[in-house]
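Q: Sequence:
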Amino acid sequence: MTTNYDGKGLASELYERVAEIPEGYATSYSALGRSLSRPVSGLLVGKWMHRCPSDHPWWRVLAADGSLVVGRKDPMAGHEQRERLEAEGFAFTADGCLIFGERFWEP
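So in numbering that gives the first Met the number 0, spot 35 of the sequence shown is number 34, and the numbers just go up one at a time.
Treat the hints as calculated values from the structure; they're not laboratory data. Be a bit skeptical, because a hint or two may be false.
[Claimed, not checked] Below, a list of computed lysine to any residue pairs in the SDA-like style, where the Cα atoms sit at most 20 angstroms apart:
(1) K46 to E85
(2) K72 to E82
(3) K46 to E15
(4) K46 to E22
(5) K72 to W57
(6) K46 to G70
(7) K46 to D94
(8) K46 to A86
(9) K72 to G88
(10) K46 to K72
(11) K46 to F91
(12) K46 to L67
(13) K72 to P56
(14) K46 to G23
(15) K72 to L84
(16) K46 to V68
(17) K46 to T92
(18) K46 to W58
(19) K72 to E87
(20) K72 to P106
(21) K46 to E12
(22) K46 to P74
(23) K72 to H49
[What the hints assert, rightly or not] Pair ranges (Cβ atoms, derived):
(24) D94 to G8: 35 to 41 angstroms
(25) E82 to P52: 17 to 23 angstroms
(26) S36 to G95: 29 to 35 angstroms
(27) R37 to E87: 15 to 21 angstroms
We put the beta carbon where it would ideally sit given N, CA and C, even for glycine.
Hey, can you work out the whole structure from these sequences and the hints?
A: Pasting the structure below:
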């Protein structure tokens, strides 16, 4: 896959990675960024995730500390993310961070 300077190739590569995240596992923006053919920051991954196809498991991507940052800009999406993760058996800390434990997916 070619990786254009503008990131279009990398964004497509990112979405392919997101589609690979198995049910019952979650990962971080930064881990996904490191896994690309041309590594990028977790912040850039977060920006690209706004355009992630809705049929990809976007809810399995969180901040490295387990926080649900998607809910900061869109509280409804944050609520949906938490509900989907709870349905997959994830637990959360008292302050709302996901506990990755043994279920962190390293791309």
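Q: Checked against the structure, which of the hints given earlier come out wrong?
A: 1, 4, 7, 8, 9, 11, 14, 17, 19, 20, 27
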